[in-house]
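Residues per chain, in single letters:
Number of protein chains: 8
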Amino acid sequence: GMARIDAGRSVRCGMPEVVLAEGKEPEAFAEIMLAQVKAAGRCVATRLSPEHLDALRARLPPDVRMEHREAARAVILSTGDEPVPPRGGTVAILTAGTSDIPVAEEARLIAEEMGCEVRTAYDVGVAGIHRLFSALKDLIPADVFIVAAGREGTLPAIVAGLVDRPVIGVPVSTGYGYMGGGEAALASMLQSCSVLAVVNIDAGFTAGAFAAQVAHGGRRE
Amino acid sequence: GMARIDAGRSVRCGMPEVVLAEGKEPEAFAEIMLAQVKAAGRCVATRLSPEHLDALRARLPPDVRMEHREAARAVILSTGDEPVPPRGGTVAILTAGTSDIPVAEEARLIAEEMGCEVRTAYDVGVAGIHRLFSALKDLIPADVFIVAAGREGTLPAIVAGLVDRPVIGVPVSTGYGYMGGGEAALASMLQSCSVLAVVNIDAGFTAGAFAAQVAHGGRRE
Amino acid sequence: GMARIDAGRSVRCGMPEVVLAEGKEPEAFAEIMLAQVKAAGRCVATRLSPEHLDALRARLPPDVRMEHREAARAVILSTGDEPVPPRGGTVAILTAGTSDIPVAEEARLIAEEMGCEVRTAYDVGVAGIHRLFSALKDLIPADVFIVAAGREGTLPAIVAGLVDRPVIGVPVSTGYGYMGGGEAALASMLQSCSVLAVVNIDAGFTAGAFAAQVAHGGRRE
Amino acid sequence: GMARIDAGRSVRCGMPEVVLAEGKEPEAFAEIMLAQVKAAGRCVATRLSPEHLDALRARLPPDVRMEHREAARAVILSTGDEPVPPRGGTVAILTAGTSDIPVAEEARLIAEEMGCEVRTAYDVGVAGIHRLFSALKDLIPADVFIVAAGREGTLPAIVAGLVDRPVIGVPVSTGYGYMGGGEAALASMLQSCSVLAVVNIDAGFTAGAFAAQVAHGGRRE
Amino acid sequence: GMARIDAGRSVRCGMPEVVLAEGKEPEAFAEIMLAQVKAAGRCVATRLSPEHLDALRARLPPDVRMEHREAARAVILSTGDEPVPPRGGTVAILTAGTSDIPVAEEARLIAEEMGCEVRTAYDVGVAGIHRLFSALKDLIPADVFIVAAGREGTLPAIVAGLVDRPVIGVPVSTGYGYMGGGEAALASMLQSCSVLAVVNIDAGFTAGAFAAQVAHGGRRE
Amino acid sequence: GMARIDAGRSVRCGMPEVVLAEGKEPEAFAEIMLAQVKAAGRCVATRLSPEHLDALRARLPPDVRMEHREAARAVILSTGDEPVPPRGGTVAILTAGTSDIPVAEEARLIAEEMGCEVRTAYDVGVAGIHRLFSALKDLIPADVFIVAAGREGTLPAIVAGLVDRPVIGVPVSTGYGYMGGGEAALASMLQSCSVLAVVNIDAGFTAGAFAAQVAHGGRRE
Amino acid sequence: GMARIDAGRSVRCGMPEVVLAEGKEPEAFAEIMLAQVKAAGRCVATRLSPEHLDALRARLPPDVRMEHREAARAVILSTGDEPVPPRGGTVAILTAGTSDIPVAEEARLIAEEMGCEVRTAYDVGVAGIHRLFSALKDLIPADVFIVAAGREGTLPAIVAGLVDRPVIGVPVSTGYGYMGGGEAALASMLQSCSVLAVVNIDAGFTAGAFAAQVAHGGRRE
Amino acid sequence: GMARIDAGRSVRCGMPEVVLAEGKEPEAFAEIMLAQVKAAGRCVATRLSPEHLDALRARLPPDVRMEHREAARAVILSTGDEPVPPRGGTVAILTAGTSDIPVAEEARLIAEEMGCEVRTAYDVGVAGIHRLFSALKDLIPADVFIVAAGREGTLPAIVAGLVDRPVIGVPVSTGYGYMGGGEAALASMLQSCSVLAVVNIDAGFTAGAFAAQVAHGGRRE
Ligand SMILES: Nc1ncnc2c1ncn2[C@@H]1O[C@H](COP(=O)(O)O)[C@@H](O)[C@H]1O
Ligand SMILES: Nc1ncnc2c1ncn2[C@@H]1O[C@H](COP(=O)(O)O)[C@@H](O)[C@H]1O
Ligand SMILES: Nc1ncnc2c1ncn2[C@@H]1O[C@H](COP(=O)(O)O)[C@@H](O)[C@H]1O
Ligand SMILES: Nc1ncnc2c1ncn2[C@@H]1O[C@H](COP(=O)(O)O)[C@@H](O)[C@H]1O
Ligand SMILES: [Mg+2]
Ligand SMILES: [Mg+2]
Ligand SMILES: [Mg+2]
Ligand SMILES: [Mg+2]
Ligand SMILES: [Mg+2]
Ligand SMILES: [Mg+2]
Ligand SMILES: [Mg+2]
Ligand SMILES: [Mg+2]
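Protein sequences, first through last, are from chains A, B, C, D, E, F, G and H.
Its first residue numbered 2, the first sequence is counted upward by one per residue in this note's numbering.
Its first residue numbered 2, the second sequence is counted upward by one per residue in this note's numbering.
Its first residue numbered 2, the third sequence is counted upward by one per residue in this note's numbering.
Its first residue numbered 2, the fourth sequence is counted upward by one per residue in this note's numbering.
Its first residue numbered 2, the fifth sequence is counted upward by one per residue in this note's numbering.
Its first residue numbered 2, the sixth sequence is counted upward by one per residue in this note's numbering.
Its first residue numbered 2, the seventh sequence is counted upward by one per residue in this note's numbering.
Its first residue numbered 2, the eighth sequence is counted upward by one per residue in this note's numbering.
Don't take every hint at face value.
Derived, one-sided and incomplete: chain B residues facing chain H with beta-carbon distance under 8 Å [stated by the list, open to error]: (1) 50; (2) 99; (3) 100; (4) 177; (5) 178; (6) 179.
Computed list of lysine-lysine pairs in DSS-like fashion (alpha-carbon distance at most 30 Å, straight line) [said to hold, decoys possible]: (7) A/138 x C/39; (8) D/138 x F/39; (9) H/138 x E/39; (10) B/138 x H/39; (11) D/138 x E/138; (12) B/138 x G/39; (13) C/39 x E/39; (14) F/138 x G/39; (15) C/138 x B/39; (16) D/138 x A/138; (17) H/138 x F/138; (18) A/39 x G/138.
To be clear, the hints were calculated from the coordinates, so they are not data collected in a lab.
No experiment lies behind these values; they were computed from the predicted model shown.
Backbone N, C-alpha and C fix where the C-beta goes; we use that ideal spot for every residue, glycine too.
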């Protein structure tokens, strides 16, 4: 279980090659992706617009496979057929509502790319506490929990009060009015009396990668 | 490595009994502490003022032991002599500067109370990168890293770029001027392109408890 | 159950004469209080400092009774002995922690001055959900609930999810770090998916007076 | 007039089944709605875009009735013909200007769905105080008042100064410039020296549901 | 009634010599004041602490007269006995509460130093509208109105709705909780549907000087 | 020069009938306008979108004259031909840049509707100080100055340092980046050491109406 | 190396004639540009939309040359053929990611227009520190460094820790979530323990012009 | 004039050894200072409280010289007598008011420690433009200008409009009310249409060190 120090890219900033599409010109984006998949054999992009997808499709060489994960607003390019090698570790992902699912799916994609098993329970925040209890039962083998929630962002604290594993809160930019862009959720998670760690609003990528690092923990030895 | 669902208090809100002294009347605080130590055998308080300490001292019964951890602004009450039973897992704690040490010490106290080994490297942010490298070498066996930093709060991202274990950033309320109460550090950690999870400004307690939950991971099986 | 339109003072700005001590010079404050009690027979002051109390004591005429409600940081002056006439209606007041009690006590004082019965359950937020359930059982006859909570301010939403009467959330300025002055609690109450109405941070007076207006409702006919 | 504790959904988060359309994919939204109306016989959606409406229309089975409340940006689905059973209680709704009407209409719809009688007086803020007085006369039998206002948000406090029933302020996101998205109105309602409770900016749903809970009060016995 | 362009100091930054004491070392402050009174014959200081006053007293030469205006937290130094020459124009100053009086008194002092007649009506915000009406009657000859108010800051808009002369709103930093340092009052004045101009929070000096400029208008011809 | 108290609409909230188009449904807007012009003979609308204009055009009866002031984003409806009767008083309006002109033109329109003469000098902020001086010379007879400026909003303070008449600053929402929506300009005007009164960001209407009230002053007697 | 005082335009607000297109009507913009190029022989516009470009193209006289710098969102008009005369001095420009390039290109254009040599190294923030080192080697002769970075904005501080010349940080509005519009980057640069000066978010123009002023320094003698 | 890359401490974070006293325990602070002066021969501390000074005095060994710069809230320790070797370059420092002088003096101390000549002109913001002109004449040989200003922070932009050398704005935390802690000054400097670079509020150290780096420029060759 020893950490390694490494100055190379794949350790430095998230493990798979992951490109943040948002904010990049579609053509420049497509070229970066193709260069990455050539160099690394596999490459993921998140927060895609339809324009990014079109630019990628228009330039895709025959020997590169492209998998579009619509629910995650993501795409995976690969040159080979071999699946991601499992590294052990299970990540549980819950959402409070249905609007939180795209962020949760982005987290799932990254955790799976990092070789973890992922179990999910979506839209368990508004239904009665019984539904949350039964959802949690299926997630028991998890090493770590990701809980995504918008508006007041309460669900992560409730989950953290029920399990003894680390819980990562992801504030989601649903809601309207005062601090309705995810800020209320972020604030309430940071102030929570439960033990929670937090990532940026809508940051499915960071939550997934951090959770995978936690989940690897016990399997490395 | 299975998670447990539990609705009892010691799971719900941090594992040891930990009382936040700040914001409580000293007398009420002292009574809460004594009630807790009677019930649980051991009890910790954080963010103590001298008045809290005085109130505790004035009411301390002969059969309760009190340990004052000045650097952590904390106190431990206990009725027995047995040390905290080790649960395995190692937590590394780094600080960027000397002003971040009280927050780091609070994190350390909680992680130790939860049975983890803790290794520290303080004030490694301003010195050259070589000092950080050599500090990291001593911390290699850690399962998880806590990095506390004020002002621009860069150190956690740098550490996360060098190790492959989870890194928890703790923004510290040092600094002055624009967003100088820890907000700049919080914002830069949340926006970091490195993979980081974050806790509230100055939240040594949360960082320590969350890190211990991570560190327990591999040892539970 | 008909509302009355009235342009007189006792309707316009809260029903008993209530003076906000904070921000007033102690001497000026004392004179205002004595003028009010002379005119109205009874008068309340909230958010008192020791200086306000001293100034009042120094000027108190023999025929004015003064009752100091320390836990509520309030004082009641009266010229007669008759208690507040009951108007019917029951208000339940809960707090998440012990730091929220002064705000809750201020709400209680006002609701009682307005002729309501008040039942309280303090510090029920952190203890297990079972304690909250049993606390709620004692409060069942209430017409309306006031729930005061600091930090992430979750308790009001939980209570609103369990009872079918109106629930008023009062954010409290406990907590530290990011939005730790009650703003996180305010934001999470406003964003809550539960049905809640909210008052200003620490506004025990407004919560108590509003709740009394609700509680009067069914009894007026 | 006793409160009931209930962990089921219809108590927990507003009484009728109400779906917040905003932030949901139109197709997913339509499916949720149809599932709900099947299960509960009646179902409401708020904050609809034209796309949500189209998706609903395209999937509407012949045995489900759809009522579009354009002014409220809402829709009601039902499988039967029976109207909402009256539960007693009257809610008065006022707006300061014409831009506040959609929010007021959303509140009205929810209060009516919860079995209350609703009386309205719109655009009474800018006209002289005489128009407000005569408008209030028609609303006298109300158990509770909802007052929606944008820009500086003064009207709720004025109404609260004139009637002795509870007044709920709803800040509306009209206005421009500094805090022109409803924040100035929210702030001035929270700081008001009149006795007011407040809901989120534009939160017609919450205001209507809370008011209905208040209005039920006296009729339950 | 023609404006004059002038690059000299007495036009550039307020007309009398006015020194802002706050933020200056007491000794440096006293020396600045004495230099100014020597040069100009008359000199005002605002926002004084007791330390500033002491430093001034300790250095006061026998030929300089010092007038302490405690309610305005101000002091006037002069070398001669002649009063301020009247320039015509009347300024009305109202406050909503008693806490707003120091700011109003600062405005009054400046307007009087600029040769205007000043009429005041303090604490007319909370009492019934009748008291405001009768207060306004005494102020009718005014050329311009200054209205100081804290908390929700509504009074200036009400006054502007009743008179046809210019109304200047002064937000005051009384209040607590959300935007309780005068920000709510500032925001509601800026968003007001009445015609208002506004100055900085607590800026009695600016309000007084601006009002005097307005009041001079009709008298200059 | 005596002020009049009046509870009627034309005094209460700006003098001509002025409708704020923004935030109103185009059809509802057109109907309000036509009702107003019928009742008052003349009526102005500000902050128009092309949709508002189209709706108005489509419904315009033959006996109503419509004047579109494009530069001011405004429209004037009238039933007669008589021009606005002059009431005396001159308002000077300056802008720092060309982007501030629409706001300035809105102010001009209102001041003219209130019977004032208006003189303008636009885009005098960036050119050398000599251009500002010569522009000011032409504006000398003004009773009051309106100065509109975006970005850092410095021009109003410079003008206030050069003339002895009241200067009203209007922050404009040009600029980008940090506080680039007019907030930096608002803040710098409020903090100005020059004597300035301020209105909301982009609030040409308020600036124009307030300035006209000032300009009327000397002419009323 | 002596500074010159000059009140003329070309010194006052940046040296070449530079027009900020954003916020100007396309037609008005085109006319301003053509007037400037007539008067000065050369003229630059920044932050262009396609509409600005079209308006310019439609009005371009045959004797005016137009150079479109797409990557910089800028355009250069000139009447002659002579290139910008070199004034000596070298400016280095780095970016953390590819999204920061438009801002960097705007800075480059201005610095070149002011007669400086410019060297660039783009997208060196995420790759390993080795790539930054080798990039810096090529930039060694620079007199001053501009470093543009979004999200957490760390790169400027890292560069400032490695070189002994002045480093100017430019926060860029990439990123999402909490303070994701460049505010986190701005805050972290202002709080940096490295020696940095900062310009507004996305302010390539200011960075380029300031850097050219620094670079001229040593060459003026 | 070539830049050097260096990973050692004296390049990384400002050139002299400078310790930020604020936020450090006095005893710990004193020990750090003594260690530094032993190692480096010379050492500076800024933002000292009287307690820091006392702790230093109590521990000062006979062979260490201590120079207290009260106006700069700073102290210099040295073991030898040799003065700072001049490196060429002149820095001009201006302040708008007298409250800005401590920040300006901190900047001066650092620039002098880095071997620059410093010329100052304090309190030139409020006096007429003529005084600023004559002050600037004495500062003409400067390579770079530092301008410190609180409240609206206008002076840096005015200076930048008059000289052709780089101007660094330092916002100062004087002022009260809205954004009165230096934020208004910061915002107006960042939004300035003049060419300015900016440092953190009150950051005299950063301004001085950055200016010295600029001033060294032309002298290095
Ligand atoms: N959805 C996302 N949210 C946050 N960070 C991301 C996301 N997707 C990719 N990243 C990270 O952002 C960094 C910068 O991306 P790029 O601009 O593509 O070089 C990459 O190294 C990724 O690890
Ligand atoms: N317009 C609205 N504003 C606030 N909350 C709403 C609104 N409409 C529905 N809700 C509530 O939001 C909760 C979450 O909705 P949903 O995402 O549809 O499950 C529901 O239980 C509703 O009670
Ligand atoms: N451009 C504007 N900015 C601010 N207030 C305005 C503007 N135009 C009209 N108003 C005022 O806004 C008030 C409310 O307008 P309405 O919503 O049209 O009743 C009117 O009484 C006008 O005096
Ligand atoms: N991209 C830019 N960012 C900031 N300022 C600019 C930019 N482009 C031009 N400017 C400056 O903004 C000032 C005002 O521009 P204008 O509105 O065109 O008169 C000009 O004097 C330019 O120096
Ligand atoms: Mg837990
Ligand atoms: Mg890492
Ligand atoms: Mg409920
Ligand atoms: Mg009332
Ligand atoms: Mg008026
Ligand atoms: Mg003036
Ligand atoms: Mg450097
Ligand atoms: Mg210049």
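Hints, one by one, checked against the model:
no.	hint	in the structure
1	50	violated (16 Å)
2	99	holds (6 Å)
3	100	holds (4 Å)
4	177	holds (6 Å)
5	178	holds (3 Å)
6	179	holds (5 Å)
7	A/138 x C/39	violated (66 Å)
8	D/138 x F/39	holds (28 Å)
9	H/138 x E/39	holds (28 Å)
10	B/138 x H/39	holds (28 Å)
11	D/138 x E/138	holds (29 Å)
12	B/138 x G/39	violated (66 Å)
13	C/39 x E/39	violated (52 Å)
14	F/138 x G/39	holds (28 Å)
15	C/138 x B/39	holds (28 Å)
16	D/138 x A/138	violated (57 Å)
17	H/138 x F/138	holds (29 Å)
18	A/39 x G/138	holds (28 Å)
When held up to the earlier numbered hints, the structure conflicts with 1, 7, 12, 13 and 16 and fits the remainder.
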